[in-house]
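Protein sequences appear in the order of chains A and B. FYI, our numbering numbers position 83 of the first sequence as 83, with every residue one higher than the one before it. FYI, our numbering numbers position 80 of the second sequence as 80, with every residue one higher than the one before it.
Treat the hints with care, as some may be off.
For identical chains, the list gives no copy identity; a pair is met inside one copy or between any two copies.
[Claimed, not checked] With a Cα cut of at most 25 angstroms, we get these calculated SDA-like pairs of lysine to any residue:
hint, residue 1, residue 2
1, Lys174, Ser186
2, Lys109, Glu154
3, Lys51, Glu285
4, Lys109, Phe283
5, Lys253, Lys292
6, Lys143, Gly205
7, Lys104, Tyr183
8, Lys109, Pro93
9, Lys253, Phe33
10, Lys268, Thr180
The hints are simulated quantities; they were obtained by calculation from the structure and are not laboratory data. Being a predicted model, the structure only gives us computed values, none of them experimental.
There are 2 protein chains.
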Amino acid sequence: MKNEEDAPLKAYLAERKRRVDEALDRCLPTEDFFPPAIFQAMRYSLFAGGKRLRPILCMAAAEAVGGEADPVLPAACALEMIHTYSLIHDDLPAMDDDDFRRGKPTCHKVFCENIAILAGDALLTEAFHLLAGRELAERVPEKAVVAAVRLVAEAAGFSGMVGGQVVDVLSEGKPADADTLQYIHSRKTGAMIVASVKLGAVLAGAGEEQLAALASYGGRAGLAFQIADDILNVEGDRELLGKDTGSDACRRKMTYPGLLGLDAARDKARELVDSAVEDLAGFDERADPLRKIAQYILDRKS
Amino acid sequence: MKNEEDAPLKAYLAERKRRVDEALDRCLPTEDFFPPAIFQAMRYSLFAGGKRLRPILCMAAAEAVGGEADPVLPAACALEMIHTYSLIHDDLPAMDDDDFRRGKPTCHKVFCENIAILAGDALLTEAFHLLAGRELAERVPEKAVVAAVRLVAEAAGFSGMVGGQVVDVLSEGKPADADTLQYIHSRKTGAMIVASVKLGAVLAGAGEEQLAALASYGGRAGLAFQIADDILNVEGDRELLGKDTGSDACRRKMTYPGLLGLDAARDKARELVDSAVEDLAGFDERADPLRKIAQYILDRKS
């Protein structure tokens, strides 16, 4: 992406992130609530510098099918809570045992391990509380709310994100193979990115054809996002990433650069982004943010 | 409870448990699904001998307000999944560090700690998938499904079960006080028992007055259940309980017998059960199972 094209997208992403951050802040009680430890831990990880990609995709998908961003904001926040819970649990000593994330100590390093587990549990639960909450139910039909809970739970559960994480932790140290890597990425990261675009679209009343196109876009953009993540882990800037580069190789994690080599991994990510943009051929200019976000996934530096 | 009154309730509980077990079995994929570890762990803990109290309360509440038990069965299963997830996470080394539960090694002792964390996460997520699933949505109005997700998420989250567990882990080793103990029990155990009866009633179309009476019943019966649990921990039969008695005292956990003494704790449980039964004064004989379950809570031996 050329620099002169970068500015509008950057402003768009910053403005959307601000709206998501404000909504997340409103969702959670303040630290004078009892017991304080759980709110401090939930807030600490929720406001530890996330890009809010999933909420932004959700709002952009609602707009792409002719809806508005604001009514789906509670659902967008639910996605970020689920993403944050998955990071807290992934970082635990029994899992990836990571001390830093986005340049900050991980939740269990700041609080105790027990509070980190419970903060993750609370964020996952609160996500469903938000999805079924009054704010959303007042603005979209109940049928759409039920469909929303169902699709998010399916994407986050054993056949989606959790299933991907299980295979990931069980595959560490084993020789990389393409099928396993595809399985891990499509579920661990992909499932919730697909769910993010589908969620926005379902709540905005999209039809089956639009949903299928957006699901395909999400699958491809999500995989490109993961490959870009793997590439950044090999050659990214430690300062920008907020974590050590090369950590995947140290840990012998399966990655696309490890499997295909850096150049072929870059080519694959590029092809995926191009196909994701093609998935949106039937949409008008209201899908432009989704098109630009796919591009951004590839070009981001952190 | 006299022995001659015991038999019909025992048969009722056994028949209900069988229906819940069959439904839970249908909900979960079999072990030939990939990745097997997660299903093995979910099934292991879900079928480790639970009494299915929460699902049985849910079905009984649906019947007490004039509905049927079968339509709410998926929701009843969701309650058991949430209960099981909470036990798996509570038993983790970073939490209570328990090696045995109901006479069997705990989930993280059989599988690894990482798989146990993920099995808990998957069960919690699957609970919401079931609540918003097609089976329930085909049999109850969508408005009731949304209310169901909302009330279960609220009871299971930071202001309910998770909040209670946070205060519990932070209170270990501190001197017992009545307010803290009340806080812990009303949330850690009580919130989901209240939610169990409310859930069945909401799905069966109960009115506000019935819901309020059932919530009061659930709160009192739930607290009585916890006190009875504490008493069993002091003087119960190790064989029947499947765990060491006296473990609460060893760990300096706050309990009602520790705070009030055994006799006063027993009196308090009895008063609570009597009040819980009084809460049902406005219900006809269809609430008899709820009345008998309150009694059973007090008299159970395991």
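Each hint tested on the structure:
| no. | hint | verdict |
| --- | --- | --- |
| 1 | Lys174 x Ser186 | within (19 angstroms within a copy, 46 angstroms between copies) |
| 2 | Lys109 x Glu154 | neither (30 angstroms within a copy, 28 angstroms between copies) |
| 3 | Lys51 x Glu285 | within (24 angstroms within a copy, 57 angstroms between copies) |
| 4 | Lys109 x Phe283 | neither (45 angstroms within a copy, 52 angstroms between copies) |
| 5 | Lys253 x Lys292 | neither (30 angstroms within a copy, 55 angstroms between copies) |
| 6 | Lys143 x Gly205 | both (10 angstroms within a copy, 18 angstroms between copies) |
| 7 | Lys104 x Tyr183 | neither (30 angstroms within a copy, 33 angstroms between copies) |
| 8 | Lys109 x Pro93 | both (10 angstroms within a copy, 16 angstroms between copies) |
| 9 | Lys253 x Phe33 | between (40 angstroms within a copy, 23 angstroms between copies) |
| 10 | Lys268 x Thr180 | within (17 angstroms within a copy, 57 angstroms between copies) |
Consistency with the previously given hints fails for numbers 2, 4, 5, 7, ordered from lowest to highest.
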